[in-house]
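*Asks:* Got chain A; can you put chains B, C and D on it based on the hints?
What follows is the residue order along each chain.
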Amino acid sequence: MARIGVFICHCGENIGGTVDCEKVARTVAGYDGVAYSIDYKYMCSDPGQSLIKQAIKEKELTGVVVAACSPRMHEPTFRRACSEAGLNPYLCEMANLREHCSWVHEKSDATTEKAIDLVRMLVEKVKKNHALQTIKVPVTKTALVIGGGIAGIQASLDIANAGHQVVLIDREPSIGGHMSQLSETFPTLDCSQCILTPRMVEVAQHPNITLYTYAELESIEGFIGNFKARIRKKAKSIDEKLCTGCGMCITKCPNKKIPGEFNEGLGTRTAIYVPFPQAVPNKPVIDRLNCTYYTKGKCRVCEKFCPTQAIRFDQEDEIIEIPVGAVVLATGFTVKDTGFFPEYGYGKYRDVITGLQFERLASASGPTFGEIRRPSDGKIPQKIVFVACAGSRDPAKGIPYCSKICCMYTAKHAMLYQHKVHDGESYVFYMDIRAAGKMYEEFVRRAIEEDGVNYIRGRVSRIYEKNGKLIVKGADTLLNAMPVEIEADMVVLATAGVANEGSEELAQKLHVSYDEYGFFSEAHPKLKPVETNTAGIFLTGACQAPKDIPETVSQASAAAAKVAGLFSKDELSREPLIAVVNRSAPPLYSTCVGCFMCATACPYQAIEHEEIRDRKGQLIKTVARVNPGLCQGCGTCVAFCRSKSIDMEGYSHEQMYAEVMALLND
Amino acid sequence: MDELRNKARELLESGAVQMVIGYEQGTGNKTRAVFVEDPVQVPRLIFDSRCVQNLAVYMTKAEVRKKGKPALVASVPVLRSLIQLAYENQIHDESLVVLGVSPDLKLIEFSNLSEIENYLKQYTLEISIRDKEILQKLENMSADERWQYWTTVLEPCFKCYACRAACPLCYCTQCTVEDNRPQWVPVASHPLGNFEWHIMRAMHMAGRCTDCEACANACPIGIPLNLLTKKIVMDMGKSFGDNGPSLTARNPMSTFRPDDKENFIN
Amino acid sequence: MALGFYPGCSLKGSSREYNESVLALARAFDIQLTEINDWNCCGATAAHNLNKDLSFALPARILALAEKQGLSEVLVPCAACYSRLATTLHELKKEDGLRTRISEVIGLELKASITLINVIQLIEKYVLPALDGRVVKPFNHKVACYYGCLLVRPHGILNFDREEEPQTMDAVMAKIGASPIDWAFKTECCGAGLSVSRTSTVSRLSGKIITDAVDRGAEAIIVACPMCHSNLDMRRKSINEFTGSPSSIPVLYITQALGMALGIERKELGIQRHFVKVEI
Amino acid sequence: MAEFEPKIVAFVCNWCTYAGADLTGTSRIKYATNVRIVRFPCTGRIDYMLLLKAFGEGADGIIVSGCHPNDCHYTSGNFHARRRWIVFRSLMDFMGIDVRRVHFSWVSAAEGAKWADVVNHAVANIRDLGPYDSYKKLAQNTEREISHG
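Chains as they are written, first to last, in our numbering: chain A, -2 to 663; chain B, 2 to 267; chain C, -8 to 271; chain D, 2 to 150.
Isolated chain A, as found in the complex (with noise of 0.2 Å):
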């Protein structure tokens, strides 16, 4: 026989000045099943607690309602003072008589009628209830990074300074990403790579991270403190133990006219290459489908002069399988080329290029030593036109979002141009200056006061060559759209900062969620930025949307702060309230008959087959099993199972209807 207490709380005059919460509980005391009816000013207050506790011990009751405040607000609080009267926290439940009641409706005996309902709506569920322990998860206290770039670095560097093992992959040869190929950064102009590279040794020297570079995650399955990572290890063609990177296989390598990707096609590399001096690790590895050994089937050159003999052509992919409790996505995104733009010339003007070429051309580790030089001919061009939002906010043709970090690296290169070439002309077309940031606005109005940079409120309507200039016809729209043309050496196109290729492939395979532009999605725009809607998956920089520096750096530490929380425990506890099939005696198992049309109704995956087998091991029944660690408990399932199979705890087929049977039948 249930012993069920009721305790209903005036919340000063908030519910009392409406309801009649003496009524109430007189009402309420009369309900078989309730052992004890009290009411009380303030339940939340520590004597209303202990008042709790009290008749909890003393009636020895077997169920709570606590007739109060919206469950929202206070549940925890009299789940724990039941705990800690010894009453498993879950036997508690809340009316909520204040925002769904005393709030809503004028003092009156309908209110108070409405009142007594909802209490006893809760009395019978809470019959129902049931002892629920929280879930414990194992959790593996090893991080998968996803991406080496400053994200995934900054990511890796703190999760690792948690004491946490880290295992970072990148698919380039080394890590760094587009913070590497920068020349220097705003607002400060501090070198890109004076700041980064000793990140990067820091990573691959740090005890607790195993770094992969030309690697990919090849598949993962699994839940939150359980994933299983298979990585493709793409083979380098080189042995990394014995190689020492002498550097010797690159200087004799023939095969020199390779457009290298780190100086985005505006510099040469090798077939067996790094892809910059400072690469970590700094130990080259052969692009196959350059290499002449490969693609003609002799040459070897490499080989024949490596002095460890490190070469290793018949290398092949190595997958590997690791355990991870939990992953951070930091796989960072790409800029449209000028190939995108029709108006600009379709990328067939030499001397068109974008924002990442200038970075490179204005590195001093760049093609051209961080001279300005264009790359038709060399020569430095003393008119220069930077566009702003190349492909961004233009619906019609391009990309609707802001790239956001644009306007700031306009500026930067304008006056970069500016500073290396003093007689030059500069002008940018922009839409408008975003400059919103600590330093930001007082940076471009550097540029336009100090360095002179013309900026022109104005969109460019097209860009073609004639006898070696670059015509770029535009409008000055503070001019009242008077048209605008410059005969230019050089046009940089600030084009949008888009999701990588395949970016939704490596979404699919992870289940997170990405928007119709392909970044990933995080599980709340405003509370939960570096969350996924998978749990135990995060995400970092670019590859959620475009970012610069600063804001790239603070999330991929808030990510690691995440991960660091989640590692901070053996076992992860959660709510107990998820779906579970039901389990009988033999021969039945369970009611479950396994057609498995609850799986695709699941969005979490948490959904799995259960073979049940007799002593001899002979399969007698494939059921359904709900994997506690994945379901969040929506409770989909439930609803849709036709045997009702599935039910879920705290919100069971028997709590629920009778809710519904004790708000109707009086």
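Think about it this way: if two alpha-carbon atoms lie no more than 30 Å apart in a straight line, the pair counts; the simulated DSSO-like pairs of lysine-lysine are:
| id | chain 1 | residue 1 | chain 2 | residue 2 |
| --- | --- | --- | --- | --- |
| 1 | C | Lys228 | A | Lys470 |
| 2 | C | Lys133 | C | Lys166 |
| 3 | A | Lys333 | A | Lys254 |
| 4 | C | Lys85 | B | Lys239 |
| 5 | A | Lys523 | A | Lys506 |
| 6 | A | Lys463 | C | Lys166 |
| 7 | B | Lys160 | D | Lys138 |
| 8 | A | Lys523 | D | Lys115 |
| 9 | A | Lys394 | C | Lys43 |
| 10 | C | Lys116 | C | Lys166 |
| 11 | A | Lys613 | B | Lys68 |
| 12 | B | Lys138 | D | Lys137 |
| 13 | A | Lys618 | B | Lys68 |
| 14 | D | Lys138 | B | Lys138 |
| 15 | B | Lys62 | A | Lys618 |
| 16 | A | Lys618 | B | Lys70 |
| 17 | A | Lys463 | C | Lys133 |
| 18 | A | Lys394 | C | Lys199 |
| 19 | C | Lys84 | C | Lys59 |
| 20 | C | Lys133 | A | Lys345 |
| 21 | C | Lys228 | C | Lys268 |
| 22 | A | Lys463 | C | Lys268 |
| 23 | A | Lys394 | C | Lys85 |
| 24 | A | Lys613 | B | Lys62 |
| 25 | A | Lys463 | C | Lys228 |
| 26 | A | Lys125 | D | Lys137 |
| 27 | A | Lys104 | A | Lys20 |
| 28 | A | Lys345 | C | Lys199 |
| 29 | C | Lys199 | A | Lys470 |
| 30 | A | Lys54 | A | Lys20 |
| 31 | A | Lys613 | B | Lys70 |
| 32 | B | Lys262 | C | Lys102 |
| 33 | C | Lys228 | C | Lys258 |
| 34 | A | Lys376 | A | Lys463 |
| 35 | D | Lys31 | A | Lys20 |
| 36 | C | Lys84 | B | Lys239 |
| 37 | A | Lys104 | D | Lys115 |
| 38 | C | Lys84 | A | Lys394 |
| 39 | C | Lys199 | A | Lys380 |
Hints listed in this document are in silico derivations from the structure and should not be mistaken for laboratory results.
*Replies:* Positioned in the frame of chain A, the structure of chains B, C and D alone reads:
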């Protein structure tokens, strides 16, 4: 006919199957299911237009299963049910041998279920014009008239569950009507209980029903309860483009499209 | 092959040679063109700036008449007419309310079921497939294909070719032996909107077009729009005065160029009507 | 004779509509007292059988409400629910159940005012329709089930 019998005999003699499930002459002009385990019994097998019972129902019955691998005489409606059962993990290629019978009573042999699926592509599931008209007639009534109609039609139902027993897709080991925690549907056959049972049955058929009409044929007092499932089959097609069983993708009730159309949610 | 035909005012007046060459081409590939009875002005280009309903009503009447005549596909050679008709058709299809209202205004039933094609589409669809072995005088000249503003815009409505860098004319010309040049003014404005009111502007804008074409070695400019043609051809004198570098580069309708390649009589194509002598 | 006061049961999801109703409270927006809220984790959990039960037990009207499409706390529970409602509502209507008495809505956690509107609108509308006698009649002389207690 002969080719069916010959095939049946061959299967039994070769031991490829332990039993052939087909039709035989019943009392009066009726046909009934027959379970032939001994080759000499093969002549009992018949097939003609009267053979409408959906034999796929036996595929999920334990007492049939334990007799070993059966061969099943299957006309188009039965084939549909088999595909749906396969999609719901109740049968697989090895579960049975299918003796298909085309609408013009020719024997069609299938070596696996996907062959059946392909064969069915020419018979996509759609409600007949005649049925559509009947449904239309009901839809044209006022809500009250419909209420009257159904309460009167369902009133005599005494919950014998013949409809459930005859339906190949009602194979749950414990039906919700037997679930008493809570007692979702009253045991007794009174108006409310009848109503709830039939709504629930129809809902459970949503996105699964193959419109074989076994339920209605089985009803001893001729309640046109397949009108409910026909209505659902039609809605499924209209609302979610569902067009019948498939081995890989037929689950309209536990999948969705973000742009599903509806006009009643404010 | 039978098509509806809406010539519009230009083809009956200032650009008769366009009309003649279109008809000549049609004859050559036995395409019957049925002119829409009692057709009226399409409203280009003034109406849509003045009165929205009027700007829809005028083309709508043309469409309605075509429907009444049982025409399903209608050829509209004039780029301006094409733009107006296509825009109207687009709006009518989009908005039933508008369709019924306009149909009341014009007092005609209006289904908006017509398919419209411009001259280039005509060529792609009905001429090129039958072209093999028909070219007797390959048009082996460097040509600048000039699309102007109306032929490819607004892309959202016409969705024909690439709005910034159209290619179809170039492709057609290449097919008859010409070598289209890569130039920058394919879709620049020739000033048509001001060809009467502000001729100096026309000279400036058209001047740039011609200069670029000439500088890049073009021997002829190929067009598919009466406005473009009259500006580049008829106004050449004032253009030359404006640019100060007189040019005699001829301006041909694509239909004329095709006709010449097919060996059709120059007279039949109305070539002699041009202000700038065609000496190729 | 006093005006008819309909009994209305509201099946709502915890994350949007329930929270929205909380907001109605915190913003002290007043609405009719006829509605009793039953809290579910998600619209995906709402069992259509419970709607029938509510009518069977004498409810005059029902409100079903949850997160707007794409706002589901569980990403897709409401999408599944929507499909269920499309089919179930059509079936109810086909069987002559008065679907005007079932009010579906999306109410987000920020739409406190909307919740008040939803309730008031439903109450007014169902008050006009009067008590759901036809269904009550059906339910009469139905013995109470054992499992209520």
